[in-house]
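Chain order of the listed sequences is A and B.
Counting with the numbering used here, you get residues 407 to 810 for the letters of the first sequence.
Counting with the numbering used here, you get residues 8 to 279 for the letters of the second sequence.
Read the hints as simulated data drawn from the structure, not as lab findings.
One or more hints might be untrue.
Stated by the list, open to error - Here are the computed lysine to any residue pairs in the SDA-like style, where the Cα-Cα straight-line distance is at most 20 Å:
#: 1; chain 1: A; residue 1: K485; chain 2: B; residue 2: G264
#: 2; chain 1: A; residue 1: K668; chain 2: A; residue 2: S750
#: 3; chain 1: A; residue 1: K610; chain 2: B; residue 2: D20
#: 4; chain 1: A; residue 1: K485; chain 2: B; residue 2: D20
#: 5; chain 1: A; residue 1: K485; chain 2: B; residue 2: L15
#: 6; chain 1: A; residue 1: K638; chain 2: A; residue 2: E803
#: 7; chain 1: A; residue 1: K610; chain 2: B; residue 2: E124
#: 8; chain 1: A; residue 1: K485; chain 2: B; residue 2: R18
#: 9; chain 1: A; residue 1: K485; chain 2: A; residue 2: K610
#: 10; chain 1: A; residue 1: K485; chain 2: B; residue 2: R260
#: 11; chain 1: A; residue 1: K610; chain 2: B; residue 2: G264
#: 12; chain 1: A; residue 1: K668; chain 2: A; residue 2: W702
#: 13; chain 1: A; residue 1: K485; chain 2: B; residue 2: E261
#: 14; chain 1: A; residue 1: K610; chain 2: B; residue 2: E261
#: 15; chain 1: A; residue 1: K485; chain 2: B; residue 2: P104
#: 16; chain 1: A; residue 1: K610; chain 2: A; residue 2: S750
#: 17; chain 1: A; residue 1: K668; chain 2: A; residue 2: Y678
#: 18; chain 1: A; residue 1: K485; chain 2: B; residue 2: E124
#: 19; chain 1: A; residue 1: K638; chain 2: A; residue 2: V796
What the hints assert, rightly or not - Chain A regions said to be covered by chain B (calculated; three or more residues, Cβ under 8 Å):
#: 20; region: 510–520
#: 21; region: 774–780
As the structure is a prediction and not an experimental result, all values here were calculated from the model.
C-beta: ideal position from N, C-alpha, C; glycine also.
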Amino acid sequence: MATLRRHLAEPLSLWLGLLLVLVAVGAVGGIQTLLHGLQVTGLNDHVPWGLWITHDLSAIALGAGAFTFSAAVYLFRIKSLEPMARPAVLVGFIGYTCAMLALFLDIGRPDRFWHPLVYWNVHSVLWEVTLCVVLYSAVLVMEVLPLVLENPFFGRWPRLRRAGHQLHRATPILALLGMGLSLLHQSSLGATYGVLSGRAIWFKPSLPILFILSAAAGGVGLTLWLTILTGKILHRRLVPYSVQLTVSRFVGYTVLAYLYIKLWDWAATSYYSHAPGTADALTRLQATTPYSLTFWWWEIVLGLIVPAGILLVQRLRRDDRAMLVGLGLLVFGVIVNRWNTTLSGLIAPPHWSPGVLGGVVTASYTPTWVELAVSAGIIGYAWLAFTLAVRYLRIYERPSADHA
Amino acid sequence: MTKKPRPLLTRRDALTIAGTTGTALAFTQLVIRGPLSAEAMRGIGSQTHPASASGAPHQWRMVIDLAECIGCNYCVWACQAVNDVPDEAMRWNVGFPERTENGVDFYMTRPCLHCQEAPCVKVCPVGATWVREDGIVAMDYERCIGCRYCEVACPYDSRRFNWRTPANPNPHQPTWGEAEVERRPRGVVEKCTFCTHRVDRGLSQGLTPGVDREATPACVVACPVGARAFGDALDPSSPVARYLAEHATFRLREEFGTEPKVHYVHPERRTT
């Protein structure tokens with residue numbers, strides 16, 4: 407009994423306990439949604455997309471480390487980055503499963519989740535996204551499965567282990583497939599908004615590019631952040647220091663590229679010109695919401711400029727604590743960006759759109775407890791999966807040298 | 008003597024695979040252009056929901072004369088009764104007072120505009136909504152997954168999502184009509200159908216939509232001052248074609264490139 411009590415008081419047990427509570431809270435929210443439909447959310451006909459779509463977009467963006475590292479290691483054969491490939495695939499797998507959980511609850515008819523696979527509308531960017539996400543999730547499953555099957559637990563089924571090993575040998579092909587699918591849907595998620603001619607604040611070709619660049623930076627950034635954090639907790643360096651520095655610089659330059667296009671996007675549409683729809687929507691957003699604050703301070707300064715500084719200044723890059731702050735802010739910035747992108751176009755509907763503007767200048771949306779609970783539950787699941795994987799699988803050890 | 012193990016996939020192999028896949032994809036696109044093109048999508052819809060019984064081409068359009076409209080709201084209520092829309096927030100045909108820049112008061116009503124280049128149709132991931140050959144933007148409630156992308160894409164706010172099971176009695180029945188279509192279930196999107204059921208049934212009975220009341224959208228029939236006209240734009244003698252020929256009309260937000268099929272007569276039109 408005493409042993410059990412001591413065991414339960416261990417930090418890991420407390421952490422897992424907290425995560426299980428979060429998952430339970432999420433399950434309650436999920437059941438509420440399935441029973442009563444989307445009326446339990448704060449969504450409405452003016453703002454039909456909200457927290458869960460943000461959750462879904464962020465999870466997919468932050469899972470982008472998987473395709474980036476798989477491509478770097480298995481396709482471009484940058485051998486030195488190999489220690490990062492496994493954690494990246496794990497984070498990607500968790501990200502995509504999170505996104506699919508959120509999406510499943512967010513559609514009005516979860517019982518018809520399979521319809522996009524059967525009824526194709528090739529003209530819909532969302533159809534392309536759905537198909538790519540499903541296919542890429544299958545790729546991620548095949549990439550993660552060998553890591554799971556290596557566990558001594560599966561030693562009693564040698565055939566299963568051999569199958570896992572064979573699957574692992576196919577990793578380069580999976581990496582190629584994954585890169586193709588990811589390049590498609592990571593950008594198409596931006597195009598989901600970018601192609602809507604009726605909403606000026608979204609209607610621009612820069613959105614797909616901004617989405618894929620921020621996904622590459624954020625996805626790799628999150629993988630590195632988790633790696634450094636786990637290392638700090640375990641008092642061990644999990645990947646060679648040189649790898650950490652290389653990856654940091656890669657993320658830093660990607661952030662700079664993203665920042666460059668993002669600022670030009672702003673300057674071209676809102677500073678050097680007065681695009682009527684965009685200007686009108688921005689005016690209404692600035693008058694009624696903290697859009698300026700979240701865009702300039704949270705997204706640009708805290709989410710991009712500060713991380714870029716930390717990642718690219720050598721003295722700061724060599725400081726693990728500064729790195730944790732910088733990468734954490736970058737991940738935060740990507741999430742704020744997905745929220746701002748989704749909500750900005752919906753909160754400020756097209757000016758004089760009959761029915762919307764029956765006196766409505768800006769629509770409003772506040773997530774309900776059910777939405778927050780489900781999001782908390784999905785985040786709980788993500789941390790739970792990551793913690794258990796790091797604890798029981800060889801995520802951070804060098805894979806055995808049996809390449810033959 | 009040890010031989011360097013050959014990797015399962017060299018970079019060259021990878022590029023070859025990428026190239027082959029790309030070519031194959033491009034080829035597939037060309038091959039499937041037929042069955043998966045916009046025309047074919049419409050075809051799929053027409054099979055499940057026949058566009059017209061007679062087979063003759065039609066192009067249904069509506070004119071709303073804002074100078075004639077007296078703001079009685081009859082069209083709004085008739086629509087709610089006939090299409091069984093009990094929830095006031097989900098009206099397919101909305102009406103509200105407006106004022107022109109010159110200070111002339113008028114009453115704005117707006118059904119679905121049935122755009123030829125409908126943004127909602129392009130974005131639907133499952134093809135649950137499509138432009139029929141006769142121009143009507145139709146919905147398949149059995150296929151809709153409720154993702155609400157069409158609602159986000161529509162620049163006219165014409166679409167409504169069933170957030171809850173519509174269970175309450177319809178306050179507009181039977182005063183303004185009886186339900187002629189089934190209520191939609193929770194979780195799918197709905198919108199004005201141009202009273203497809205009336206148009207299609209009317210045609211099969213040899214009636215002329217826009218002229219015969221039973222074959223004409225409920226809102227047009229309900230209007231006491233004839234401010235709404237409906238009919239086949241391809242038929243020069245139809246009420247809608249005559250209206251379009253005799254009046255200057257405009258369409259909402261033409262700059263969006265959506266090509267709506269609902270035309271408006273300006274409220275400041277000089278009455279003769």
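So, going through the hints one by one against the coordinates:
1. A:K485 to B:G264: The hint is violated at about 51 Å.
2. A:K668 to A:S750: holds (16 Å)
3. A:K610 to B:D20: With a Cα-Cα distance of about 37 Å, the restraint between A:K610 and B:D20 is violated, given a limit of 20 Å.
4. A:K485 to B:D20: Between A:K485 and B:D20 the Cα gap is close to 18 Å, so the pair holds against 20 Å.
5. A:K485 to B:L15: OK: A:K485 and B:L15 at ~15 Å, within 20 Å.
6. A:K638 to A:E803: holds (16 Å)
7. A:K610 to B:E124: Since the Cα atoms of A:K610 and B:E124 sit roughly 19 Å apart, the hinted pair holds (cutoff 20 Å).
8. A:K485 to B:R18: holds (13 Å)
9. A:K485 to A:K610: violated (38 Å)
10. A:K485 to B:R260: Cα-Cα ~56 Å, so violated.
11. A:K610 to B:G264: At roughly 15 Å apart (the allowed maximum being 20 Å), B:G264 and A:K610 satisfy the hint.
12. A:K668 to A:W702: The given pair, whose Cα atoms are some 11 Å apart, holds under the 20 Å limit.
13. A:K485 to B:E261: Violated: A:K485 and B:E261 sit about 56 Å apart, past 20 Å.
14. A:K610 to B:E261: holds (19 Å)
15. A:K485 to B:P104: violated (68 Å)
16. A:K610 to A:S750: holds (14 Å)
17. A:K668 to A:Y678: holds (14 Å)
18. A:K485 to B:E124: violated (50 Å)
19. A:K638 to A:V796: holds (14 Å)
20. 510–520: Three-residue rule met by the region 510–520 of chain A, so holds; n is 6.
21. 774–780: Check failed, 0 qualifying residues.
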